[in-house]
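Construct the complete structure from the given sequences, taking the supplied hints into account.
Chains as they are written, first to last, in the working numbering: chain R, 1454 to 1708; chain P, 444 to 731.
Just to be clear, a hint being listed does not mean it is correct.
[Said to hold, decoys possible] Using 30 Å as the maximum straight-line C-alpha spacing, the simulated DSS-like pairs for lysine-lysine come out as follows: (1) K1566/R <-> K630/P; (2) K646/P <-> K1619/R; (3) K1618/R <-> K1566/R; (4) K1619/R <-> K595/P; (5) K563/P <-> K1566/R.
Please keep in mind that the hints were generated in silico from the structure rather than gathered at the bench.
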Amino acid sequence: MLKVDECRPNLTLSCYATHVPILSDIYKAFEITPKITFQKTYACSCSCSRIHTHTSCCFTLQQNYKTFREREPMSAYKDKDARINGIKDQIRVVPNFPKPGIMFQDITTLLLKPKEFKDTIDMFVERYKGKNISVVAGIEARGFIFGPPIALAIGAKFVPLRKPKKLPGKVISEEYILEYGRDCLEMHVGAVESAERALVVDDLIATGGTLCAAINLLERVGAEVVECACVIELPDLKGRERLNGKPLYVLVESH
Amino acid sequence: MQPGFSILCFQASADLPFLVFYQRKGVMHAAASLLNSSNLSLRFASQTQTRLSPWIAAPSSVRLPLNRSQNYRIALPPLHSTVSGDSTQPQQMASADVKAQDPRIAGISSAIRVIPDFPKPGIMFQDITTLLLDTKAFRDTIDLFVERYKDKNISVVAGIEARGFIFGPPIALAIGAKFVPMRKPKKLPGEVISEEYSLEYGKDVMEMHVGAVQAGERALIVDDLVATGGTLSAAIRLLERVGVHVVECACVIELPELKGRERLGEKPLFVLSLGLCSKLENFIKPSD
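Given below as structure tokens:
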């Protein structure tokens, strides 16, 4: 469906004469969310003699395309790993908790099944082993269940990110917005050093507010957040977009 | 010091007196000694000729590295569990292992940080987050527990919120048991059973999901630290109410001054490290 432009095959998208309908095919094929949607005409940066019409998205696309090619698929769900169905089947949905209308994704039932719990950890470990990650940060309290086994298996240290006044030593804090009101996430000063490569782990991503605060905490001390890893994603809440451009990897999606 | 005592001593910092712990009939006592190091080594020299205690240590061998000198920590041989009627803990196994302290214990103990006056003035808080930053020590901590429990047919590891969630799951995964979180009220979404327990001031409640465990299962309870034993006792009661057999409680740290071990009654308690919870100055008594 996508045609590769022959003049500069490795700079495909920058040479691609597009109009909006075809652009949307590109977005679908590469799973990229376009950031800008207006159109503009200018000379193509490749050395062919044609003048092309591009949307200014093209350059964003080119960047995303390149980084996309380096990236592995972002969701095990789409990988269709055989272990995924077993994991998904063990997650219990509890309606109207903590408030009416909310379908709560309960991972405690997954923890009661040693094989599926181990599969969950194994899938993360297989992904992150050998990626030179030195820090696994887990978000209180369910991130404390998944983070340490991953950290132990990949040889990284585990850093708990906690609600206020729980950590006894000197902390840095990051405030974040909830649906109603604010909350705060804290990390010990000195737990993470500058230029360390970090993974952020939690059981579930909803709006992405808590993960965003965690990313900010780590970046404030100079760490590089390589990826966020969650067991469950609620894609309808678009948490993925709230992660400062950081990649997100999940095992299971729930709509 | 009279015969019949085994002695472990350590020095909290270079300029503080030695603190002497001695064990008598299986119970730890503590006394501060105002003796300086040279006096104490003389005493030890005379004691060791008459004593057979396996873990008398000369001061130099238990002195902590100076950069950890404010650690207020004592390292113990790993099998420090109360004598119980449980046939899985034969007496000869306990005494065989106390001959040599596991070499991993020292690294674990020294990785734990003590924060004074947290959460209230006068309390010495045992901070395990520094242990989690030391990959070898964290792995050794889990390994020590796993080696102890892996052939004991344990099907349930219960971890107490929130620091029990850090140590419990790796142990559960390694021994093939399920992990059951014991949580503060209103955190667990499904149907729960609750157990009230006393705090220093007031009460708190611990909850567990109905149906997480079945009658007849063998369980381990894991937390980072045992102080008064109130939380652990509540966890034991919760599990026993549904017919589970609690095999043992396992903690990284014990604060022996607070007598948590006695509060657990006949339930065995296994710890890796002891800590002082009050300031050393409160502890010092004139020597006899």
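Which hints, by number, does the structure contradict?
3, 4, 5
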